[in-house]
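Q: The sequence shown maps to residues 0 to 208 in numbering that gives the first Met the number 0.
Note that these hints are calculated values from the structure, not bench results. Please note that a few of the clues may not be correct.
Restricting the straight-line Cα-Cα distance to at most 27 Å, the calculated cross-link-like pairs of lysine-lysine (DSS-like) are [to be verified]:
hint, residue 1, residue 2
1, LYS97, LYS137
2, LYS97, LYS133
3, LYS97, LYS60
4, LYS204, LYS133
5, LYS204, LYS137
6, LYS204, LYS97
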Amino acid sequence: MLFDEAPIIPTFELELIARRAGHWPVAGADEAGRGPLAGPVVAAAVILDPERIPQGLNDSKQLTAARREALFVEILATATVSIASSSAARIDTTDIRKASLDAMRRAICSLAVPASYVLTDGLDVPAGLACPGKAVVKGDARSFSIAAASIVAKVTRDRMMARAGDDFPAYGFAAHAGYGTAQHRAGIELHGPCSLHRMSFRPLKKEAV
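Please construct the entire structure, taking both the sequences and the accompanying hints into account.
A: Now the structure itself:
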């Protein structure tokens, strides 16, 4: 149709709809790291100050690393933020969906200012929250709060994986953050997996046999 290819631009409209319905404050929540072969999945929850919304918020995947870092600093300085993660071992014990939702739940529940409503990216709202919420498909491209959470989660995880690269230099984690690049797969082939690898993910399943 005519407008099918029009870009989706994040706004504060979903948050304001919730506010008009009597819910305030509103938190946005998102995660980073569902797809990598190694490392944790990291979730963030963010409550933005409507008077201090950082300029340029967008889905973290649409931003350069330098822009993400700058926005990360600004978000931490102007918003209420909470971060949680689920380790590779937890991912293997449950599955990536459950581990992601659990990290998101813990991030939301740990906010210093309790949320009255939560907007989450994707298809699911975590169970066990003290407030209602709504899952928003492509939420990180539609909601400022979810976009902010996506940036916080992504930058936090990238920093964690850069530090992991110092502990496990054979895999080059700082370069690919645990994703299945040729460099990463070559490191696994040569050295085998380490404690950060998700043994329930292909192609690592064969290593556990």
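Q: Let me make sure I understand: some of the numbered hints might not hold for this structure. Which ones are they, in numerical order?
A: Per hint list: 4 and 5 violated.
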